[in-house]
Amino acid sequence: MAETRFWRAALYAALVFAALYYLLPLYVMLTTSVKSIEEIRAGNLLSLPAGITFDAWSKAWSTACTGVSCNGLSGYFWNSVQMVIPAVAISTMLGAINGYVLSKWRFRGSEVVFALILFGVFMPFQVLLLPMAQTLGLFGLANTTAGLVFVHVVCGTASTTLFFRNYYVGIPDELIKAARLDGAGFWRIFWRIILPMSTPIIMVTLIWQFTQIWNDFLFGVVFASGDAQPITVGLNNLANTSTSVKEYNVDMAAALIAALPTIVVYVLAGKYFVRGLTAGAVKG
Amino acid sequence: MGALAIKNVTKSFGDTHILKGINIDIEAGEFLILVGPSGCGKSTLMNIIAGLESPTSGEVCIADRIVNEVAPKDRDIAMVFQSYALYPTMNVRQNIAFGMETRGVPKAEQNEVIARVAKMLQIDHLLDRKPSALSGGQRQRVAMGRALARNPKLFLFDEPLSNLDAKLRVEMRVEIKQLHQRLKTTIVYVTHDQIEAMTLGDKIAVMKDGVIQQFGSPEDIYERPANLFVAGFIGSPSMNFLPCHLVEQNGQVGVTLQGVEAPKFIALQDRAGLKERVGQKVILGVRPEQWDVENTPDALVCKVKITEPTGPDTMIYSEVNGVEMIARVHPRAASGPGTTLPLVLDVKKAVLFDPETELRIA
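Note that the protein sequences, when read in sequence, are chains A and B. So in the working numbering, spot 126 of the first sequence is number 126, and the numbers just go up one at a time. Count along the second sequence starting at 1, add 284, and that's the number in the working numbering.
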């Protein structure tokens, strides 16, 4: 009895330690971002802020220098928003339709098509940089937000197709047969029967795609320049721009601004994420 | 008028032949059962009738119209699925209405039909529930309601009862039968359960390996099975197959059976074509209930190995001609394991099979 108690206490101690260890960087970022630069220079990395100031946040947002221009991250932030919304929406939609076809309307060779799409999930994106640059140039989309959206849709559709296809495989084929006998066609079955059943997997895909695309640096730095650069590139530029003093509080605030949307999306849709991953485990 | 005619239908996937020339013809209002073990092609045949799969060759006619090229929705059929296939995001009312909505039936008429169907199946109080909030039996009713709302020429039931527990299965079986008697619509019903086949069907098609082994009334199939497979598949416990030799004694053709005493000659009267086969091996098919316990000199004395009391009857397991034999006897006539029991055979009902071709010869 006493022994199990001891091990239980040890287990919880280990878990609490691990949680603190992982939360520590967030704590440092948060506290540093609301400290004044004098306090940072004088004080301890782990100490609580003496006074809370949001000057670093407003500087990171609107006046910090990223290279030669000094307009903060706001422009980059909106670029990212303009990129992520259409890219997530289109790749999710395409994934849903692809998954629906590959699971419920199989055709000769559909398994091969699926295998090829799967290949896209595991492909290292570096191999894509040069041909994609050519393609974007050909389409006249080089260095534009639309071009970035295109790249993310192309690269994201492989994963979204995989998600939806695997989810739809679990939906009984008899539902499709019943709907066909009821007179519904391809699209009507999709809109009225399949899509309403897809909430969990749509949420999973939204979180996944949003996080992937928002956090992407590689495509942002390669395929966008100047006005179209996303926030990850902006953050990099901001942190690398050397001024007389290193403004840690501004850097931390900028990093938090860049990370905030993915956290918000996860908080809003996170319960579906877990539900979606376990969907099908318990059938009603 | 022919309600459903299937003419020489085959279905193959490459070298795999699922259906090998199916012919079925039923009249309007008949209840057709497609029965067979899993993998016999019965569900494929059902899907071909529904138009969800197309035959490799042959013709399907519904109400005297060739429907090979007609889409499922235009065949004037309705189907009840094994998993019920209720749309999970719609409530019961929407589930029943979906087909009518797709066909453009006016809203007022939809409501009328839903009310009528719901009343008939006693699901009025469930109309606003989602399928996940229904019990198995209720889902089954909703699935039937959805089919009834169509008011079709032909109902297709694909193993509709196999997901229900034993008690509910019997109840729903009776209800399906009542429904058929009331509506008098033609029904095609797929099952692997021979009891459902016997109790529900006007006509039964017993299938195996993509071939119809026998097509006829339940009585035909039970009393005069076409071959060993049909004889063994229909009836529970199965028909006993006793290997024998045809012999002639005192001018009568018959077989000898051996229990624990000396072999007994059993004359098979009035059967054509047996004289030529004297001396050949045959298989005597005897259903368990064709034995009676009777203490007469003609009785075959058998040793009881196991008894299985089911309540109304008791199954006696013993051995005849070297193979296991089951007799269904009255519980009071049964005796315990290790004892012997005099059994008398109802010879008129026994059937004979050729062990080579497996076909019934008499």
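Be careful, since some hints might not be right.
[Stated by the list, open to error] With a Cα cut of at most 30 angstroms, we get these calculated DSS-like pairs of lysine-lysine: (1) A:Lys177 <-> B:Lys633; (2) A:Lys104 <-> B:Lys492; (3) A:Lys177 <-> B:Lys414; (4) B:Lys461 <-> B:Lys451; (5) A:Lys177 <-> B:Lys587.
These are computed hints drawn from the structure, not numbers from a lab.
Now the hints, each set against the structure:
1. A:Lys177 <-> B:Lys633: 45 angstroms, violated
2. A:Lys104 <-> B:Lys492: Roughly 29 angstroms between the alpha carbons, so the hint for Lys104 of chain A and Lys492 of chain B holds.
3. A:Lys177 <-> B:Lys414: Holds. Lys177 of chain A to Lys414 of chain B sits at ~20 angstroms (cutoff 30 angstroms).
4. B:Lys461 <-> B:Lys451: OK: Lys461 of chain B and Lys451 of chain B at ~16 angstroms, within 30 angstroms.
5. A:Lys177 <-> B:Lys587: 54 angstroms, violated
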